[in-house]
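The task is simple: from the sequences and hints, build the whole structure.
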Amino acid sequence: MFKSKLFLSTLFGAAMAMMATQASAETLRLLTWGGYAPEKVVEMFKAETGISVEVTNSNNEEMISKLRATGGAGFDLAQPSQDRISGAQAEYDIYKPINLSKIDASLMIASMLEGTKANTMYNGKVYGVPHVWGTSALTVNTTKAPDIKDYIDLCNPKYAGKVSYRMKRPTLIAFAFSMGMDPFAAYNDKAAYQKILDKVEAKLISCKSNVKAYWSGGDALINLIRSGEIIAAMAWDGSGWKVNAEMPAVKTIAPTSGALGWIDTFALPKKTKAEDAAYKWINFVMRPKIAAMITEAAGNFTAARNGDAAVEESKRMRFQETFPAAAIDNIKWYPPVPAGLEDMEGKVMDRVKAAK
Amino acid sequence: MNIQTASRLSLLLLLAPLGLWLVVLIVLPHVDMFLISLHEKTAPRVFEYGTANYTEFFTEPLYWRTFTRTAVMSIMATTLTLLIGFPVSYYIAKMLRGRLKSFLFLLCLVPFWVSELVRTFGWMILLRESGVISNVLQWVGIAQGPVEMLYNDATIMIGLVYTSMLFMVVPLVSTLDSLDDSLVEAGYDLGGNAFTVLRRIIIPHAMPGIVSGCIVVFMLTLGNYLTPVLLGGKNSLWFTEMIYTQFITRFNWELGAAFGFLLLVLSSLIVWSGLKLSRQTLTETMG
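Protein sequences appear in the order of chains U and R. If you count the first sequence from 1, position 287 lands on 287 in the numbering used here, and the numbers rise without skipping. If you count the second sequence from 1, position 259 lands on 259 in the numbering used here, and the numbers rise without skipping.
Since no wrong hints were added, every one of them can be taken at face value.
From the structure, some residues in chain R lie toward chain U, with a derived Cβ separation under 8 Å:
1. Arg45
2. Thr66
3. Glu129
4. Ser130
5. Gly233
6. Lys234
7. Leu237
8. Phe247
9. Thr249
Since the hints were made in silico from the structure, they are not lab data. The C-beta atom is built at its ideal place from N, Cα and C for all residues, glycine as well.
As structure tokens, this is what we get:
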């Protein structure tokens, strides 16, 4: 009798222990951008909640592809840009609506939260809340290329072989604006949009000889600038600010046709397995102090209320230098991309890539 | 259960892992890919069956030109690898003996101890505008300003030949090793010069090695992604890169899958015609 009781209690104890390890081994698989989940923040989150975070760095296209491949499984929280959510949801059904009652809205800048909610709406449900925002602008070595003020100036033959940009959709949009067109206004008119794309395609093909290389990752770009191999690029504002810290001549400039504003969000993959942990992470990183740490690592500001208070003074100075009040008003924020446009853009980029 | 069924059963069991491997990891994904390649998108989340993705390849010059370019460059890379690899293999297999032989053979292997990515970055450090070679040229005084050696076809070729050298040298060394030296001596005794001995004795003997080396190198080069993309930059234009973009950045899996299949079929055709031309059979070469 005594023996079997002992046996039972050991069994019970073992089961409890196993459950405990399982609970403490709870993980949040985060699909994000470089710098958005610094190690320090991950450690603090683990200390507070016991949840460990598995970080996978990625970009917009890869996020959609990865989630599409698994039907929205494999990750618990993703961070696509706000304009890439409703279209992807319409095409591939990879996200799950956000339960807004689980988000502490008081931590976020209200206008940004409302804007993101409206832009990530699909069939009346909200699929994203804002996290980090920034722009695509120009990064220029101002002593070597003082007259680059707008995206098309990158095609100035004077700077042949000394400039870089990405072969991605923001470049198409930027060149369209820079050439005096408004691609966003044509988003819902495919024929008009195709016309704009045709002009941009011709420009990008003629500009190709100017390009040193199409950059693909933030680090690769920073290396190209640092080594002096390129002197101007269309780039994320944060990259330029990072280089500016060591090379004062390199600056982030708001192009005259307007910087392109993006907001990276939090979105729940359809088959997320740690929804509660995801909400905990969102509410955790939006605290002003944590948000400031993320700004330090990512180089961009967050949608957290007072999130810039604890940010180093020099960072705010750089921001203000790039964006005086008028330049902020001139930022073109991406509206949601309607389904189907990316196919048209893909063709254009294939042809530009193949042109000699 | 008699002995015959028992042995048949054990044979089946022994083959099971291989069969599972082939079916689950190779056949099934290909069937799935093939089905995807027959999809046509009509509206978001709506697909129809059709061959539009295949016609797209043949009607859009951009795509088949890229494929032709990739195939031609791969054939050139294979030829170059053979031209450079043959003397090296002959030297290792026939001129050297003992420790030096294994040492040189090992030297061919050493670069493969680091990953392809690292090796390619190594080339980038050497060849880039602010890189080692450019700086040396300026220091010596041959070049006035920085020289950019990356992002052109010649660089891609260097990278491809470098990455595939081992796969040519290994089969060549093993076939040349089996060539009896007395045959070469007999060739000279019968009045042949170096060229006839090479043409009539050494090359015919080494043919299976040459062909298998060429097949492996050609397929590896054609399917290479990293080297052309990193060393070719904006001008790389490689077919596998196109497949990658269709899948990852264009979300066009249907077209990407069709490209994948076309790559499989067209490259098999090229290898098959290569075998016909050299009058070799696959069983002879691989056996």
